[in-house]
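Enquirer: Listed in order, the protein sequences are those of chains A and B. Going letter by letter, the first sequence gives residues 1 to 242 in the numbering used here. Going letter by letter, the second sequence gives residues 1 to 424 in the numbering used here.
Keep in mind that the hints were calculated from the coordinates and are not lab data. Where a beta carbon is used, it is the ideal one built from N, C-alpha and C, also for glycine. Just to be clear, a hint being listed does not mean it is correct.
Unchecked claim - Quick list of simulated restraints, FRET-style, between CB atoms:
no. : chain 1 : residue 1 : chain 2 : residue 2 : range
1   : B       : 293       : A       : 69        : 46 to 52 Å
2   : B       : 348       : A       : 76        : 41 to 47 Å
3   : B       : 393       : A       : 76        : 30 to 36 Å
To be verified - Beyond 10 Å from chain A on every Cβ pair, some chain B residues (computed):
no. : residue
4   : 1
5   : 4
6   : 50
7   : 106
8   : 137
9   : 161
10  : 165
11  : 232
12  : 312
13  : 313
14  : 319
15  : 326
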Amino acid sequence: MSIIKINNLEKQFPVGDGFFTALSDINIEVKKGEFAGLIGPSGSGKTTLLNIIGSLDTPTKGTAEVMGKSIAELSYKQSAGLRNRHIGFIFQTYNLLPVYTVFENVEFSLLLQKMSAVERKKAVMQALEWVGLTDKVDSKPSMLSGGECQRVAIARAMVKRPEIVLADEPTANLDSENSHHILRTMKKLNKELGVTFVFSTHDEKVMQYLDRIIALEDGKVLRDETQEEFAVRKNSQIYKTK
Amino acid sequence: MIKFLLKGILRDKSRSLLPIIVISLGVFLTIFMSGWMKGIFTDMVDMNAKFTTGHVKIMTRAYAENEKQIPNDLALLDADNWMQKLNTEYADVEWVQRIHFGGLIDVPDAKGETRAQGPAMGKAVDLFSENTNEPERMNITKSLVKGVMPSKSGEALISDEFAERFGVKLGDKVTIFGSTMYGSMMFQTFDVTGTISFGISMLDRGAIIVDIKDAQKALDMEDASSEILGYFKESSYDDIRADSLKADFNGKYSSIDDEYSPQMFKLTEQGILKEMLDRGENMTSIMVFIFIIAMSIVLWNTGLLGGLRRYSEYGVRLALGEEKGHIYKTIIIEAIIIGFIGSVVGTILGVGACYYLQENGIDFSAMMKNVDMMMPPVYRAIVTPDLFYVGFIPGLVAMTLGNALAGYAIYKRKTATLFKELEV
Numbered sequence: 001m002s003i004i005k006i007n008n009l010e011k012q013f014p015v016g017d018g019f020f021t022a023l024s025d026i027n028i029e030v031k032k033g034e035f036a037g038l039i040g041p042s043g044s045g046k047t048t049l050l051n052i053i054g055s056l057d058t059p060t061k062g063t064a065e066v067m068g069k070s071i072a073e074l075s076y077k078q079s080a081g082l083r084n085r086h087i088g089f090i091f092q093t094y095n096l097l098p099v100y101t102v103f104e105n106v107e108f109s110l111l112l113q114k115m116s117a118v119e120r121k122k123a124v125m126q127a128l129e130w131v132g133l134t135d136k137v138d139s140k141p142s143m144l145s146g147g148e149c150q151r152v153a154i155a156r157a158m159v160k161r162p163e164i165v166l167a168d169e170p171t172a173n174l175d176s177e178n179s180h181h182i183l184r185t186m187k188k189l190n191k192e193l194g195v196t197f198v199f200s201t202h203d204e205k206v207m208q209y210l211d212r213i214i215a216l217e218d219g220k221v222l223r224d225e226t227q228e229e230f231a232v233r234k235n236s237q238i239y240k241t242k
Numbered sequence: 001m002i003k004f005l006l007k008g009i010l011r012d013k014s015r016s017l018l019p020i021i022v023i024s025l026g027v028f029l030t031i032f033m034s035g036w037m038k039g040i041f042t043d044m045v046d047m048n049a050k051f052t053t054g055h056v057k058i059m060t061r062a063y064a065e066n067e068k069q070i071p072n073d074l075a076l077l078d079a080d081n082w083m084q085k086l087n088t089e090y091a092d093v094e095w096v097q098r099i100h101f102g103g104l105i106d107v108p109d110a111k112g113e114t115r116a117q118g119p120a121m122g123k124a125v126d127l128f129s130e131n132t133n134e135p136e137r138m139n140i141t142k143s144l145v146k147g148v149m150p151s152k153s154g155e156a157l158i159s160d161e162f163a164e165r166f167g168v169k170l171g172d173k174v175t176i177f178g179s180t181m182y183g184s185m186m187f188q189t190f191d192v193t194g195t196i197s198f199g200i201s202m203l204d205r206g207a208i209i210v211d212i213k214d215a216q217k218a219l220d221m222e223d224a225s226s227e228i229l230g231y232f233k234e235s236s237y238d239d240i241r242a243d244s245l246k247a248d249f250n251g252k253y254s255s256i257d258d259e260y261s262p263q264m265f266k267l268t269e270q271g272i273l274k275e276m277l278d279r280g281e282n283m284t285s286i287m288v289f290i291f292i293i294a295m296s297i298v299l300w301n302t303g304l305l306g307g308l309r310r311y312s313e314y315g316v317r318l319a320l321g322e323e324k325g326h327i328y329k330t331i332i333i334e335a336i337i338i339g340f341i342g343s344v345v346g347t348i349l350g351v352g353a354c355y356y357l358q359e360n361g362i363d364f365s366a367m368m369k370n371v372d373m374m375m376p377p378v379y380r381a382i383v384t385p386d387l388f389y390v391g392f393i394p395g396l397v398a399m400t401l402g403n404a405l406a407g408y409a410i411y412k413r414k415t416a417t418l419f420k421e422l423e424v
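Can you build the whole structure from these sequences, using the hints too?
Expert: Spelled out as structure tokens, the structure:
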């Protein structure tokens, strides 16, 4: 079952007197529970596509459906509701609220859902258990390492049990060990909870974990392949180079 | 959510400390200035009421027109009858007779020749009646510098300044030269039993205080009085009450066609009191208005700076699915909480400072030696119920208004650029 369905999508931005086409002729379907990534150089359109999937932006032409809802047809309130209940976000720079504790940062999304205090506590502790941070409940972000901050950000994205998690360069600010730890955590959550993950990345380490790799170039889908197809093609390229 | 916001306010000092300091300071200044000005004006009104105007005053229409010249030839006749009538018809008001007179004080030497002379400003009040409140009302007993209060007819108090200048000692005799009610020459000798200083230059310069009966006898004003003053028995001055009393009395007894008919005036319409009171009210209103505008601008800027500092926080909250309207609402709630805290602190400080000045005051008598106005020598503040909201409400409004203006920027935020913005 497709949780994300994109048909003939085009996105243009006004530049001076004309328009810059950031995305064109995009046709992608992402099934529930996929662990997929958008890869490509800077300016290839990864973040723009992530924005549209996350209902932060709308397509100029074509359609983008998320959980059966057309993004272009959602009101501002409906798109905020979609993000609040069904989509989790993980940012490159964590973006935790500095004055609040780990618990409170994770709890925030649930406050917006007006969940009871007992339910909130249970959900937050569960999310922190997933990322292995139950011992840091009362710590402030400034007391955590970069890896720990990103794990809090994952817990914040996961606490509301979203159907989709969108992660924009989640390992860009992390060292190798922390990057692998984060990715293993997200992969585990993907398997155990069936949450769909869509990454935007150009980090080789991330690509190893992806089930599906969608390569973008100049706003177009260059390749859409599985991890196996990606690995074979890469190996053959290495072989040819040698 | 409120608990969540409160935690943020308490933990993030830069979010709360500066606005709280700004509001506290503004609220404090507004309350302090308002309380102090009100205190000074109240003291002034009170002093004028006690010494010259009463809460209401009755004079003949002709006397009132020339009051500054103290025209005792136009004084109110049949004064005792009027007193009786007033005490019967308006029993909740204390009525007293007063006579003002001018003249010369002559100080004789041992041989009875003139040793010194100076201008006299005489005040005749009821000193000897059994239930008289006049010495207490005019603070005469407490203002005695030397000697004692007069205890019998023919005794007087004179200004301590005059006594010092002309070497008048207790027990000395002084003679007042002037004119009677009918224009003939008057001279009357009094024994000085004490010297007095009110601390108000206008009253102290050449003052001589005698009993009203002595003055009536000396000035040929038996059963006559310059004026009859009325003081509300159970309360301080009440303009509405004074208005209705005045309307009732003038309706019954005053006649435009008879210049010797009595006319009642209320406190605020005598001299420049009304103008001064109105000016005082206006100044308080202007001060509060300026405070709201200035504080709103300062807090708007503080809100803008806070908005910039919390730019990524709002971005994350938008990305997490919080609606712009909800973020705006939380900005306003935070402003109300901070405004409330600042206003409470400012109100406590302001009322506290006013209370201190109400009890102690600041003595400006040294600077007021040549002031020709009836001004209190010690400036005191007054704590009134309105001090609890005169700064509090503007403090709350300014903070909310400032942040409402600054927070409006949230509606201009584009969600499409959030990922880019939050990468930094």
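Enquirer: Are there hints from earlier that the structure breaks, and if so, what are their numbers?
Expert: Failing hints, ascending: 4, 5, 12, 13, 14, 15.
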